[in-house]
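Visitor: Chains as they are written, first to last, in the numbering used here: chain A, 1 to 398; chain B, 1 to 398.
Honestly, the hints are just simulated from the structure, not real lab data. Treat the hints with care, as some may be off.
[Unchecked claim] Per the computed footprint, the stretches of chain B lying under chain A, defined by three or more beta-carbons under 8 angstroms from a beta-carbon of chain A, are:
#1 4-13
#2 39-45
#3 88-100
#4 107-114
#5 124-131
#6 240-248
#7 329-339
Just so you know, even glycine gets a beta-carbon here, dropped at the ideal spot from N, CA and C.
There are 2 protein chains.
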Amino acid sequence: MLTISQRGYEMPASPIRKLVPYAEQAKKKGLTVFHLNIGQPDIETPKPVLDAVRHSDFKVLEYSHSAGNESYRKKLVQYYAGKGIDVNHQQIIVTTGGSEAILFGFMACLDPGDEVIIPEPFYANYNGFAVEAGVKVVPITASIETGFALPPIADFEQKITPRTKAIIICNPNNPTGYLYSREELDTLKEIVKKHNLYLFSDEAYREFCYTGTHFSAMQLEGIEDHVLLMDTISKRYSACGGRIGALVTKNQAVLDAVMKFAQARLSPPSFAQIAGEAAIDLPENYFDTIKEEYLKRRDAVVSRLNAMPGVTCPNPGGAFYAVVELPISDSDHFCQWLLESFEHNGATVMMAPATGFYQTPGLGKKEVRIAYVLNEDAIHKAMDCLEAALKVYPGRTL
Amino acid sequence: MLTISQRGYEMPASPIRKLVPYAEQAKKKGLTVFHLNIGQPDIETPKPVLDAVRHSDFKVLEYSHSAGNESYRKKLVQYYAGKGIDVNHQQIIVTTGGSEAILFGFMACLDPGDEVIIPEPFYANYNGFAVEAGVKVVPITASIETGFALPPIADFEQKITPRTKAIIICNPNNPTGYLYSREELDTLKEIVKKHNLYLFSDEAYREFCYTGTHFSAMQLEGIEDHVLLMDTISKRYSACGGRIGALVTKNQAVLDAVMKFAQARLSPPSFAQIAGEAAIDLPENYFDTIKEEYLKRRDAVVSRLNAMPGVTCPNPGGAFYAVVELPISDSDHFCQWLLESFEHNGATVMMAPATGFYQTPGLGKKEVRIAYVLNEDAIHKAMDCLEAALKVYPGRTL
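Construct all of the structure, not just a fragment, from the sequences and the given hints.
Guide: Here is the structure:
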């Protein structure tokens, strides 16, 4: 018998995309589906960013440098300098989305059987890349009671083994929206220094901070060799389809190894590098408008949710997600039921069951992730649906 | 000590790109460097293909479907039908270049420690993806005496172990230019059937056949579940920077597994999918012009090379490469010397030492790979350089 690989079996299906067939059925029935399930912003990609591609005038769509166009990397140096991150263009490797930066980080720093600690709930695809790299994910549970703050240092120490090689944080966090403080980053610094670990910092949502300011892992002094920054233009400029990210580090041995992985896949996409380069020249106030919009959405979501009986929604400091506790006992069932068996004013709502963001079995069953990527009016309609649904859902616990 | 991974060390550096710093130095000295070292065609990307991107009018650069836009996959079905390959759009997963198709194939079909047999010399990056996937490459040596034809079936049988899971061919071949015959594909069919193996067929150069016609592994009857086609638009439409390829198979279990890997990285690049879709509508005769151009170049290269004392160049049936035997004993040294210490009429030539295309240590030391991706005039000038160099190279063996 011809069989697929073991890792092909072990590879998790996307918890975010698995409900898609039910959403398609709901739409076929004529329902409006409010998509709060996926981090695809509705914000328009800035026109100058798209225009840079549309007005490009090269004749051959060539491979770029495996590390990305030098002109783009030099622009990124400027961008990072503006964020208080001091790097040169040789410390930046342009990747195919932030996804590839994560995979390259695993490949370059960890061997099969090595362990990576990740506070859960976490971005589900870390798991997928870990399976690809043969790396074992060791979760540390963050709690909704603290708004998903960094778990205590003792929890980390307890999980560290001789095979532990790295810690991943996503800051601000997908799926919780939690923004790590300077103090929490200092705590992480002590842990990685003491135990000689890498710190992978996924900062895809750096610009989306509503409460407090962003402090990057790249700004931690004294652990420069330990830190790998995983970045992407996807959310920042609403350019998810470009598939342009970056891996940034001052660790030369890691850069050399990552460069070999980058060479094997030849180059990152050329069109979107042009877009990414143009994006650096957007006016300073570009993010102000976007942030204002997201802030309104966040406030709408959080206040509506917390007004529902039995619902707890911490106030997220950044990104455009919230993990919310509902008066239910099986979030997978609830999210599917919303699409299959519920409607309110001709509409329903799609959310991501939080179970897919936890590694520890059994966690997240009362929680869902909400991505507030719709306009305020749509958000209110979606909240109306959810509120009505929680009154009639047969599996409600209130 | 913070260390990188073992696979980071094992990962081979690109044999094609490692001479780049020497080429840069040569250019700084004012020399013209004829690049016969890399498969970056100078052919212009067809205007309608670039225009499709330039005239696109979406407002949000969104993620596409993880398997690629359905409209593009449906167009690809048409394209394949025109090549005698009968597939539906659900059997096609659009990838980020052919590179990702190869990696996904390894990931979905082989586990760490499993073995893949590849006739050598072979495309060097197969090695890189094998290291990433923890797969062991087992080479079978093809010989310049037979023009790099498929090695005898007995050679395969001898290398097959319980860990052997797949055979990779590149047809027509990079780096040798060899075009596998229908009979050779039938031989492969018998081997994979008998030993229950996957057959990965990299057909990036399908359109570039000068002697004989292309017969795809997808056309082999009775082993539909065994065959994975790795494809790309890079060479076909001179669109290397687009980073759009495809993995095509009728094996549903493999498709399901690959889909999970595809979901983890979210989506292939959106801009170049638009380009790829437009490319399917190019007029039928598009490839005739291109092929005519490459044929002239091939004939120029082959005749010039075989006229040089001690040089053997088989006549490649396809692609735009040739592996050539030279009267030298160390091709790495020779290629570096050409860039560092030689000039002829203000120019020199850059080629890829064939050592990087062999897995068996010690092979390829007398051989180089030439990519005939320059126009005829440049090719003649490059051949003038090579001819002059072989007369004065201190390491020559004639």
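Visitor: Now, for every hint given, state plainly whether the structure supports it.
Guide: Do the hints match the structure? See the list:
1. 4-13: holds (count 9)
2. 39-45: holds (count 6)
3. 88-100: This one holds; 4 residues, not fewer than the three required, reach chain A with a Cβ under 8 angstroms.
4. 107-114: holds (count 7)
5. 124-131: holds (count 3)
6. 240-248: holds (count 4)
7. 329-339: Coverage by chain A is violated for the segment 329-339 of chain B (0 residues, Cβ < 8 angstroms).
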